[in-house]
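Protein chains in written order, with this note's numbering: chain A, 1 to 418; chain B, 419 to 583.
The set of hints was computed from the structure by calculation and includes no laboratory data.
You may find that some hints are simply not true.
[Claimed, not checked] These stretches of chain B come out as covered by chain A in the derived footprint (C-beta under 8 Å, 3 or more residues):
| id | segment |
| --- | --- |
| 1 | 430–437 |
| 2 | 518–530 |
| 3 | 545–551 |
| 4 | 573–580 |
[Stated by the list, open to error] Straight-line alpha carbon distances no greater than 25 Å define the calculated SDA-like cross-link-like pairs of lysine to any residue that follow:
| id | chain 1 | residue 1 | chain 2 | residue 2 |
| --- | --- | --- | --- | --- |
| 5 | A | 233 | A | 204 |
| 6 | B | 449 | A | 23 |
| 7 | A | 47 | B | 580 |
| 8 | B | 579 | A | 14 |
| 9 | B | 579 | A | 26 |
| 10 | B | 579 | A | 204 |
| 11 | A | 47 | B | 549 |
| 12 | A | 44 | B | 552 |
[What the hints assert, rightly or not] Going by beta-carbon spacing under 7 Å, a handful of chain B positions derived as facing chain A:
| id | residue |
| --- | --- |
| 13 | 440 |
| 14 | 463 |
| 15 | 493 |
Don't be surprised by glycine CBs; every beta carbon is placed ideally from N, CA and C.
Spelled out from the first residue to the last, the chains are:
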Amino acid sequence: MAHTLAQKILQRHTDQKIEGTGQIVQCDVSLVLANDITAPLAIKSFKAMGAKSVFDKDKVALVMDHFTPQKDIASAIQVKNTREFAQEQNITHYYEGGDCGVEHALLPELGLVGPGDIVIGADSHTCTYGGLGAFATGLGSTDVAGGMALGSTWFKVPPTIRAIFNGELPEFVGAKDLILRLIGEIGVSGALYKALEFGGSTIDSLDVEGRMTIANMAIEAGGKCGLFPVDAKTLEYTAARGRNDEALTPDEGAEYERVLTFDVSNMSPMVACPHLPDNVHPVENVEPKKVDQVVIGSCTNGRISDLREAAAVLKGRKVASHTRAIVLPATPNIWKQALREGLIETFMDSGCIVGPATCGPCLGGHMGILADGEVAVATTNRNFKGRMGSLESEVYLSSPAVAAASALAGEIADPRKV
Amino acid sequence: MTLQGKAHKVGDHIDTDAIIPARFLVTTDEKELGANCMEGLEAGWVERVTEGDIMVAGENFGCGSSREHAPISILGAGMKVVVAHSFARIFYRNSFNMGLLLIEIGEEIVHFEDGHEVAVDIEAGTVVNVTTGKTIEFPPLPQFMRDFVDNGGLIPYVSEKLGNQ
Numbered sequence: 001m002a003h004t005l006a007q008k009i010l011q012r013h014t015d016q017k018i019e020g021t022g023q024i025v026q027c028d029v030s031l032v033l034a035n036d037i038t039a040p041l042a043i044k045s046f047k048a049m050g051a052k053s054v055f056d057k058d059k060v061a062l063v064m065d066h067f068t069p070q071k072d073i074a075s076a077i078q079v080k081n082t083r084e085f086a087q088e089q090n091i092t093h094y095y096e097g098g099d100c101g102v103e104h105a106l107l108p109e110l111g112l113v114g115p116g117d118i119v120i121g122a123d124s125h126t127c128t129y130g131g132l133g134a135f136a137t138g139l140g141s142t143d144v145a146g147g148m149a150l151g152s153t154w155f156k157v158p159p160t161i162r163a164i165f166n167g168e169l170p171e172f173v174g175a176k177d178l179i180l181r182l183i184g185e186i187g188v189s190g191a192l193y194k195a196l197e198f199g200g201s202t203i204d205s206l207d208v209e210g211r212m213t214i215a216n217m218a219i220e221a222g223g224k225c226g227l228f229p230v231d232a233k234t235l236e237y238t239a240a241r242g243r244n245d246e247a248l249t250p251d252e253g254a255e256y257e258r259v260l261t262f263d264v265s266n267m268s269p270m271v272a273c274p275h276l277p278d279n280v281h282p283v284e285n286v287e288p289k290k291v292d293q294v295v296i297g298s299c300t301n302g303r304i305s306d307l308r309e310a311a312a313v314l315k316g317r318k319v320a321s322h323t324r325a326i327v328l329p330a331t332p333n334i335w336k337q338a339l340r341e342g343l344i345e346t347f348m349d350s351g352c353i354v355g356p357a358t359c360g361p362c363l364g365g366h367m368g369i370l371a372d373g374e375v376a377v378a379t380t381n382r383n384f385k386g387r388m389g390s391l392e393s394e395v396y397l398s399s400p401a402v403a404a405a406s407a408l409a410g411e412i413a414d415p416r417k418v
Numbered sequence: 419m420t421l422q423g424k425a426h427k428v429g430d431h432i433d434t435d436a437i438i439p440a441r442f443l444v445t446t447d448e449k450e451l452g453a454n455c456m457e458g459l460e461a462g463w464v465e466r467v468t469e470g471d472i473m474v475a476g477e478n479f480g481c482g483s484s485r486e487h488a489p490i491s492i493l494g495a496g497m498k499v500v501v502a503h504s505f506a507r508i509f510y511r512n513s514f515n516m517g518l519l520l521i522e523i524g525e526e527i528v529h530f531e532d533g534h535e536v537a538v539d540i541e542a543g544t545v546v547n548v549t550t551g552k553t554i555e556f557p558p559l560p561q562f563m564r565d566f567v568d569n570g571g572l573i574p575y576v577s578e579k580l581g582n583q
C-alpha cells in the first residue's frame, strides 16, 4: 500500500506490516520527552511499573521549562525531584539552568529530533517536530513512562488530512496565519485522531522555523501530528545541528481522507479570537479592542525569525503606555542571536520587557498573568478561557507581526496599517 | 459492572485547562487535584459533585494539553466515568491509563441533561437515563483496549514486559 508521511515513518519503526488506518502497531521510539509539569507524574508511574532504568540514557530528554525559573516552592520541589531522577538515571539530556529553553524550540536546535524519527513527549506540542519530518506526538505522563522504560509504545495508524497551500505570501502574512486559517476552516476537532500533512508551493518556500510553527498547532485541530516533507531546507537545518538525515516524501498514490487547498496570495494576517483557536478572523475584521498585555514567545513563535518579524515592526517606535509587552526568546541561543543582531535593544528601546526562555505566561504559569477583564494578544497557541490567568480575561492569538503592531497601537492592530 | 450516579453536564470542547488549570499542576496528588476539578470552567464547580456522580460532556472533551492531571482530577473529585459525544485523543489514552472510564456516544448525548440519574453498564454496553427511561447502546471497546483494561492498564502491562526481559 502507498503510505502517507505518517504511515511511512510508523512503518520504519515497527516489524508489523502497515496495511491500513486504524491498525494498532508497536513502534520503537527515537526520543522520549517530559517537562517539569509532566515528568513528576511520569517518574511516579515509572517507579510503579517497577522499572529500574530508562531504556537509553541518551534518548530521554527532561526539559524544565514550564514553571521555571522556579516560580514557587511547590514547582521548585517538582523540579528538584525530576533533577534527582535525572541524576540517578544518568540522563544525558536534562536541562534546567542557563542551557535550558522552551522544549520544542530547544530539542530541534540541539539536533535531538529530526526527519523520520518517532518522538513521544508528555507535552501536547510535541507535534512541533513534524516541521522537520518527525512523527512526533503528545502523550500523557504514564504513556511516556512506558516509553522511558521500554523504548517503545503503541499507536493506532491514523488517517491523514492533506492541507495544500499555494501562492506567494503577502507582506506580514506568514506561517502562523496559515495554521490559524486551517484551524479556522476545519475546527478544533477537525483532525481528531488524524494526522495532518502539509504541501504546496507556499510550504516548499517556507523556512524550517515556519514549518515548526505550523506543525506546533496541529494539536489545536485535535491532530495526532502535523507532518512536512523532508527537503533540502530540512536537511540543511539538521546537518548544521550534527545530524545526517535523508529526504522523505509521501508515497505517490497515498490515500488521504480529505484534501484541502488554499490560495494564500490574497490572505490577510489572521487572529484567533477568544475562547477557542478555531475562532479565526482576518485581522481587519477584529474589533480594535484595548490590549493590556502582549506576549511574543513560546514554542509556537519564540524563534529567531519570529523575533526578527516583531522587531521589524517595533523598531524606532514605542509600545503604548497602557500595554505591557513581554518578549521571551525561546532558548538561550535564540536570546544570544537576538542580542547580536540588536533585536534585544530594539525591544527594550520600544518599551518591551525581555525575559528568560520559559513557557511561563502561555499557560498562565507565571511572568505575565492576566487580571479580570484584561485582554492579551499573544503569539502562543491556546486562547481557552482562563488560559493566561483570570477566567474573566481574554487571549487573542496572532503572528509576531500582529502582536507587535498591537503593542504599539495599544489595541488589536493590523501590521499593514501601523 | 454498573456505575450509577447523578449527571453533571458540560459543553463542547472542554479543554484540560478548564478541567484543571495549570496553576494547580504543582502536585501529583489525586485528592488535591480533585479538589480543583473543573476550576477552569467555573470557580467552585466541584462542590456539586458527590462520590459516584457521572460527568456528561459534549464534543472533543479533554482537548488541549497532555496533562494526565486532568483525568486524575476527575477521579479525585469522585467520578469514575465520563459519557461524552467524543473525546480528544491524548485525554482518551490518559484516561485509560489512569482507570477513568470513557463512553463515547456521539449525537445520542442530547438525551442526557444536568441532574439526570445515569447508569452505565459496561458488560451490556448501555448508558441508561434512569430519569427519562432512555437507553443508549455503545459499541464495545476495541479488543486491544479491552485487553489493556482487563489487565489493569498500562502500568501492569509495562511491568510484565519488563519482567519478561
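Output the indices of the hints that this structure fails to meet, ascending. Per hint list: 2, 3, 6, 10, 11, 12, 14, 15 violated.
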